[in-house]
Amino acid sequence: IMLTQSPATLSVTPGESISLSCRASQSISTNLHWYQQKPNESPRVLIKYASQSISGIPSRFSGSGSGTDFTLNINRVEPEDFSVYYCQQSNSWPLTFGSGTKLEIK
Amino acid sequence: EVQLVESGGGLVQPGRSMKLSCAASGFTFSSFPMAWVRQAPTKGLEWVATISTSGGSTYYRDSVKGRFTISRDNAKSTLYLQMNSLRSEDTATYYCTRLNYHFDYWGQGVMVTVSS
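Chains as they are written, first to last, in the working numbering: chain A, 1 to 106; chain B, 1 to 116.
FYI, nobody ran anything at the bench for these hints, they're computed from the structure. Since the model is a prediction, treat every value here as computed from it, not as a measurement. Backbone N, C-alpha and C fix where the C-beta goes; we use that ideal spot for every residue, glycine too. Do not take every clue at face value.
Covered by chain A, according to a simulated footprint, are these stretches of chain B (three or more residues, beta-carbon under 8 Å) [said to hold, decoys possible]:
{"no.": "1", "region": "45 to 51"}
{"no.": "2", "region": "58 to 70"}
SDA-like, lysine to any residue: derived pairs with alpha carbons at most 25 Å apart [as the list claims (entries may be wrong)]:
{"no.": "3", "chain 1": "B", "residue 1": "LYS43", "chain 2": "A", "residue 2": "GLN37"}
{"no.": "4", "chain 1": "A", "residue 1": "LYS106", "chain 2": "A", "residue 2": "SER62"}
{"no.": "5", "chain 1": "A", "residue 1": "LYS106", "chain 2": "A", "residue 2": "ALA8"}
{"no.": "6", "chain 1": "A", "residue 1": "LYS38", "chain 2": "B", "residue 2": "THR113"}
{"no.": "7", "chain 1": "A", "residue 1": "LYS38", "chain 2": "A", "residue 2": "SER17"}
{"no.": "8", "chain 1": "A", "residue 1": "LYS38", "chain 2": "B", "residue 2": "ALA40"}
{"no.": "9", "chain 1": "A", "residue 1": "LYS102", "chain 2": "B", "residue 2": "LYS43"}
{"no.": "10", "chain 1": "B", "residue 1": "LYS43", "chain 2": "B", "residue 2": "ASP62"}
{"no.": "11", "chain 1": "B", "residue 1": "LYS43", "chain 2": "A", "residue 2": "MET2"}
{"no.": "12", "chain 1": "A", "residue 1": "LYS106", "chain 2": "A", "residue 2": "VAL84"}
Working from the sequences, and respecting the hints, build out all of it.
Here's what the structure looks like:
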């Protein structure tokens, strides 16, 4: 299953609210998870099963979607949010990731 | 606190072998499937292999099938990745991850460079 993330790069000003897209090549129900990777750090999970929150993750991160279209929302981007975001599906083998969206400061 | 600590990386020549280890702590290791995920320099994330709780089931991406072997020692709370016939395209940072349908904990990663 291929995951297509868009845009590849998003330039925003801190305080803006944004949406990142992940589209699956076939239906994956809600078996879609979002990760954040800061430079020189390991990834960390932000959202599981499309919309379920993760303990310790700020509430400004939220997710939605099912089937083939998914969205990660960040309400009022903070300076520490500038990093790369990946989606990943666990619906079927092989497990796959999207190519990532880089969130950069405008 | 969950901790995953990888070791065993470094520089290796094409065609040679290398074995990675991941020492787990802070959770009941035998209760969770585990996985390896890699990231080539400046590239995205790529799932490599997964092993079930008992080790009885393993899954691999096509490009490493027949060359890589994932295994675990539940008594030692340690995950392994034996990598044979290494290729330049295997150059990457390899992350040990706990699999809870999603990758919920990650190690710090270990770099593997395949070059002559």
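request  = Quick one: which hint numbers does this structure break? Sort them smallest to largest.
outcome  = none
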